[in-house]
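Engineer: The residues making up each chain are set out below.
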Amino acid sequence: MKSPATISPFQLFFVLLQAQIGIGLLTIPYTAQVGAGKDGWISILLMGLFVQGGIAVAWLLSSRFPGLTLYEFAPLLVGKIIGTVLTLLYTLFFFSIVAHQLSLFLSISSNWAYPRTPHIIYAVLSVAVTVYLVKENLRIMARFLVLVSFLLLSIPFAILPIINHFEIHYLLPVASNGVGAIMKGSEKLVLAFSGFELFMWLYPFTEGSTKAKWKAAAGASAASTVLYSFVTFASYAIFSPKEIKVVPEPVLYILKEVELIVIERIDLLFLTIWAVFVLTTLMIYLYMASTGLTHLLKAKEHRKPLYVLAVLVIPLAIATENRETLAGIGDKLNSVSIVLLFFIPIVLLIVALIRKKREESV
Amino acid sequence: MKKWIGLGLSCLLLTGCWDERQLKDQNIILGAAIDAPSKEEITLTIALPQPGNESQPTTTKQIVSATGRTVQESISKIDHKIGSGLQMGKMQVLLISKESVQHDIYPLLDTLYRNAVSSLNAKIIITEGEAEPFFRNELEGEPLYSHYYNSLIRSAEALTIVPKTNLQLFASPLFDKNDGEAAMAPLLAFNKEEKTAEVKGTALFDDKHMTGELSVAETTMLLLMKDEKEKEAALTYPVEKDKSMTIRVEEIKRKMKIHVPKDGPATVDLSYQLRYRTIDYPPDHLGDKKEVKEVDKKLSGEIKKSMEKTMDKIQEAHSDVLGIGLRVHAKDPDRFKQLNWDTAYPELNVKINVKAELIESGITF
Numbered sequence: 000m001k002s003p004a005t006i007s008p009f010q011l012f013f014v015l016l017q018a019q020i021g022i023g024l025l026t027i028p029y030t031a032q033v034g035a036g037k038d039g040w041i042s043i044l045l046m047g048l049f050v051q052g053g054i055a056v057a058w059l060l061s062s063r064f065p066g067l068t069l070y071e072f073a074p075l076l077v078g079k080i081i082g083t084v085l086t087l088l089y090t091l092f093f094f095s096i097v098a099h100q101l102s103l104f105l106s107i108s109s110n111w112a113y114p115r116t117p118h119i120i121y122a123v124l125s126v127a128v129t130v131y132l133v134k135e136n137l138r139i140m141a142r143f144l145v146l147v148s149f150l151l152l153s154i155p156f157a158i159l160p161i162i163n164h165f166e167i168h169y170l171l172p173v174a175s176n177g178v179g180a181i182m183k184g185s186e187k188l189v190l191a192f193s194g195f196e197l198f199m200w201l202y203p204f205t206e207g208s209t210k211a212k213w214k215a216a217a218g219a220s221a222a223s224t225v226l227y228s229f230v231t232f233a234s235y236a237i238f239s240p241k242e243i244k245v246v247p248e249p250v251l252y253i254l255k256e257v258e259l260i261v262i263e264r265i266d267l268l269f270l271t272i273w274a275v276f277v278l279t280t281l282m283i284y285l286y287m288a289s290t291g292l293t294h295l296l297k298a299k300e301h302r303k304p305l306y307v308l309a310v311l312v313i314p315l316a317i318a319t320e321n322r323e324t325l326a327g328i329g330d331k332l333n334s335v336s337i338v339l340l341f342f343i344p345i346v347l348l349i350v351a352l353i354r355k356k357r358e359e360s361v
Numbered sequence: 000m001k002k003w004i005g006l007g008l009s010c011l012l013l014t015g016c017w018d019e020r021q022l023k024d025q026n027i028i029l030g031a032a033i034d035a036p037s038k039e040e041i042t043l044t045i046a047l048p049q050p051g052n053e054s055q056p057t058t059t060k061q062i063v064s065a066t067g068r069t070v071q072e073s074i075s076k077i078d079h080k081i082g083s084g085l086q087m088g089k090m091q092v093l094l095i096s097k098e099s100v101q102h103d104i105y106p107l108l109d110t111l112y113r114n115a116v117s118s119l120n121a122k123i124i125i126t127e128g129e130a131e132p133f134f135r136n137e138l139e140g141e142p143l144y145s146h147y148y149n150s151l152i153r154s155a156e157a158l159t160i161v162p163k164t165n166l167q168l169f170a171s172p173l174f175d176k177n178d179g180e181a182a183m184a185p186l187l188a189f190n191k192e193e194k195t196a197e198v199k200g201t202a203l204f205d206d207k208h209m210t211g212e213l214s215v216a217e218t219t220m221l222l223l224m225k226d227e228k229e230k231e232a233a234l235t236y237p238v239e240k241d242k243s244m245t246i247r248v249e250e251i252k253r254k255m256k257i258h259v260p261k262d263g264p265a266t267v268d269l270s271y272q273l274r275y276r277t278i279d280y281p282p283d284h285l286g287d288k289k290e291v292k293e294v295d296k297k298l299s300g301e302i303k304k305s306m307e308k309t310m311d312k313i314q315e316a317h318s319d320v321l322g323i324g325l326r327v328h329a330k331d332p333d334r335f336k337q338l339n340w341d342t343a344y345p346e347l348n349v350k351i352n353v354k355a356e357l358i359e360s361g362i363t364f
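Sequence lines, in order, name chains A and B. Counted the way numbering that gives the first Met the number 0 counts, the first sequence spans residues 0 to 361. Counted the way numbering that gives the first Met the number 0 counts, the second sequence spans residues 0 to 364.
Since the hints were derived computationally from the structure, they do not count as laboratory data. Don't be surprised by glycine CBs; every beta carbon is placed ideally from N, CA and C. Each hint should be verified, as a subset may be incorrect.
Not the full set, but computed from the structure, chain B residues with beta-carbon under 7 Å of chain A [to be verified]:
hint, residue
1, Asp18
2, Ala115
3, Leu119
4, Asn120
5, Gln167
6, Ser171
7, Asp175
8, Leu325
9, Arg326
10, Ala329
11, Pro332
Pairs of lysine-lysine, DSSO-like flavour, derived with a Cα cap of 30 Å [claimed, not checked]:
hint, chain 1, residue 1, chain 2, residue 2
12, A, Lys244, B, Lys225
13, A, Lys244, B, Lys1
14, A, Lys241, B, Lys76
15, A, Lys241, B, Lys330
16, B, Lys312, A, Lys241
17, B, Lys261, A, Lys241
18, A, Lys299, B, Lys2
19, A, Lys299, B, Lys1
20, A, Lys134, B, Lys256
21, A, Lys241, B, Lys2
22, A, Lys244, B, Lys336
23, B, Lys38, A, Lys244
24, B, Lys254, B, Lys288
25, B, Lys254, A, Lys241
26, B, Lys97, A, Lys241
27, B, Lys207, A, Lys241
28, A, Lys241, B, Lys228
29, A, Lys244, B, Lys89
30, A, Lys241, B, Lys225
31, A, Lys303, B, Lys207
32, B, Lys38, A, Lys303
33, A, Lys134, B, Lys1
34, A, Lys241, B, Lys89
35, B, Lys336, A, Lys241
36, A, Lys183, B, Lys336
37, A, Lys241, B, Lys163
38, B, Lys207, A, Lys244
39, A, Lys244, B, Lys330
40, B, Lys242, A, Lys183
One chain only, chain A, in its complex shape (with noise of 0.2 Å):
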């Protein structure tokens, strides 16, 4: 099931920070200090490390199989059963990733700008202009990441006005909370920088070197890292270390304070480009899934399977509203992704290093 189409490094890095960079960017300071308080942004710093980590491997993996993507090369690794489970999970994993994400995103933007809006329309909203662009290949998903990638120098220049309200006094002194509580802090991270394991499935995708790709899909990891310490980092030098206990998307709310020259409520604002965050990982995700199903159903191209699934993903992603059993569904999710982003893909390096396997050599 190869695409013809191919994307450059750069489109690449583009294209895994757009899956990285989503619903977590307004809450990722909120969930950091519920394991390591006002130490959280250095939880992120730590977190962006074992993601370089899980790169490297996914990047060794994936260059022993250049042409094949994990769905193509596991079964020669662990066999066609193990391998088929595995497709199965993986495909469940992303398609429940878009499933809680639209359902984050449909409960966010109802508290903060939409209250009377049924869920069902905007649901069917951003999935219809998600099957939109995901219908088409690989080449044309990436030219639209790049292209709404410059919406990123957003949120920098979001935040510059309420510097000088900074109060650094709250995050002093640094890590007095200890390492354990830092660590605590990464384990809930796990979720919100997801988006790095696509690596494994885009590398036969791109064009170039294997160093060529593996500097693009660590520059875009460290990039995402960046910003989401820097908003977190921001976060805590407004609130203080308990009034953040009480805001659970601390990002939009510091914007609500800032006030131009004539406009007022930048949260509002920020509310709409953060929605094109939201739609580029809605798009990659159920791509990456109804390639996943592709593959089962041994399909020739990934069309109906990405029917099938965005028809499914609506009532699914309504069928949760209330923020209090979403979270729950996302501490699951977290759980489950240490296994399939960091556990597997070293499991799989480790068979292949010990059974000498190579594309060259099956």
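Please build the complex by placing chain B on the supplied structure of chain A, with the hints as guidance.
Structural biologist: For chain B alone, kept in the frame of chain A given last:
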């Protein structure tokens, strides 16, 4: 054909708007006043504006009050009285009476923090006496009261006579009783004879209730001590027997040193370097270098005295507006817990040192 189906579908899907708020159906509230003599009795007063046109400016159309157990209940009771929905998103000022903040202020504000529509850059103002008359009484020559109060506070901020705050900035200290920083808000009084409002200084908070107040001059001093001089800050002191001088602070530099010994009380050293310009100096002999030195020395002493007085006052009010607790906590969290800041802060030994320096005397000496 396909194109037409798509077009038809998008017409169906993209029209319709559940969250439209049409201006004609909405009452935009620009200002609100809260009087809460007891916890169960919250009176909310709002001022509805009358939209203006080219020949007539926007004016206050109607003042409505209602009492409820929560702010939201009061809002819905107001809704019962007026035809169209209330829109809090454009609020510019929130006036709360001094009496209401003798107990916990947070219940009065929670709804504003909780609902996404509210605007958090509204100015929070504490009023001498009840807050309701600030909208009910006549203000000379001011058609739109909320706007007047807002600009009054903004210009006072620029003159460094009230602390710069808004609903959002006000909130952080409310959550952090034990980590130091205290909240403060401008204090306003109504002058019935002249039909104007008047800035009275600052309301000091300890935790979530008001515990003291500062006069306008003391507020300026406090803001200088906080290193938060705005565009202008003027001070007046006596120079000779029956003559006073007024200076404008051009630049102030602060050094704060906190000593937290393992045992014994914490001490703070505050030293300030202040550069000023004279804007009113009747004795007229600043051409003389010796004289300038004398004035510098005298002023340094006077400013130091005022700072010490202000410091005493905020310590007495248990109001750690300088954020000393926050810094002690940042330096040594364990020691901070041991100290019990509640009792340690009023006893804190603060040493203040001021060095004033004339840099400009205007176009005469």
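Engineer: Give a verdict on every hint.
Structural biologist: The hints, checked one at a time:
1. Asp18: 5 Å, holds
2. Ala115: 5 Å, holds
3. Leu119: Where the cut-off is 7 Å and the nearest Cβ of chain A is about 5 Å from Leu119(B), the hint holds.
4. Asn120: 5 Å, holds
5. Gln167: 4 Å, holds
6. Ser171: 5 Å, holds
7. Asp175: Check passed: Cβ of Asp175(B) comes within 4 Å of chain A, closer than 7 Å.
8. Leu325: Cβ of Leu325(B) sits 5 Å from chain A, so the hint holds.
9. Arg326: 6 Å, holds
10. Ala329: It holds, given that the least Cβ distance between Ala329(B) and chain A is near 3 Å, below 7 Å.
11. Pro332: Pro332(B) check passes; min Cβ-Cβ to chain A is 6 Å, inside 7 Å.
12. Lys244(A) to Lys225(B): 27 Å, holds
13. Lys244(A) to Lys1(B): This hinted pair is violated, its Cα atoms lying about 51 Å apart.
14. Lys241(A) to Lys76(B): 33 Å, violated
15. Lys241(A) to Lys330(B): At roughly 18 Å apart (the allowed maximum being 30 Å), Lys330(B) and Lys241(A) satisfy the hint.
16. Lys312(B) to Lys241(A): 27 Å, holds
17. Lys261(B) to Lys241(A): The given pair, whose Cα atoms are some 27 Å apart, holds under the 30 Å limit.
18. Lys299(A) to Lys2(B): 26 Å, holds
19. Lys299(A) to Lys1(B): 24 Å, holds
20. Lys134(A) to Lys256(B): Cα-Cα ~64 Å, so violated.
21. Lys241(A) to Lys2(B): Outside the cut-off at roughly 55 Å; violated.
22. Lys244(A) to Lys336(B): 21 Å, holds
23. Lys38(B) to Lys244(A): Distance of about 25 Å is within 30 Å: holds.
24. Lys254(B) to Lys288(B): 28 Å, holds
25. Lys254(B) to Lys241(A): Roughly 28 Å between the alpha carbons, so the hint for Lys254(B) and Lys241(A) holds.
26. Lys97(B) to Lys241(A): With Cα atoms ~26 Å apart, Lys97(B) and Lys241(A) stay inside 30 Å; holds.
27. Lys207(B) to Lys241(A): 14 Å, holds
28. Lys241(A) to Lys228(B): 28 Å, holds
29. Lys244(A) to Lys89(B): Holds, at about 27 Å.
30. Lys241(A) to Lys225(B): Answer holds: Lys241(A) to Lys225(B) is near 23 Å, not above 30 Å.
31. Lys303(A) to Lys207(B): Between Lys303(A) and Lys207(B) the Cα gap is close to 60 Å, so the pair fails against 30 Å, i.e. violated.
32. Lys38(B) to Lys303(A): Since the Cα atoms of Lys38(B) and Lys303(A) sit roughly 62 Å apart, the hinted pair is violated (cutoff 30 Å).
33. Lys134(A) to Lys1(B): Status holds; Cα separation ~16 Å.
34. Lys241(A) to Lys89(B): 28 Å, holds
35. Lys336(B) to Lys241(A): 16 Å, holds
36. Lys183(A) to Lys336(B): 24 Å, holds
37. Lys241(A) to Lys163(B): 22 Å, holds
38. Lys207(B) to Lys244(A): 18 Å, holds
39. Lys244(A) to Lys330(B): 23 Å, holds
40. Lys242(B) to Lys183(A): 66 Å, violated
Violation of the numbered hints given earlier is confined to hints 13, 14, 20, 21, 31, 32 and 40; the remaining hints are satisfied by the structure.
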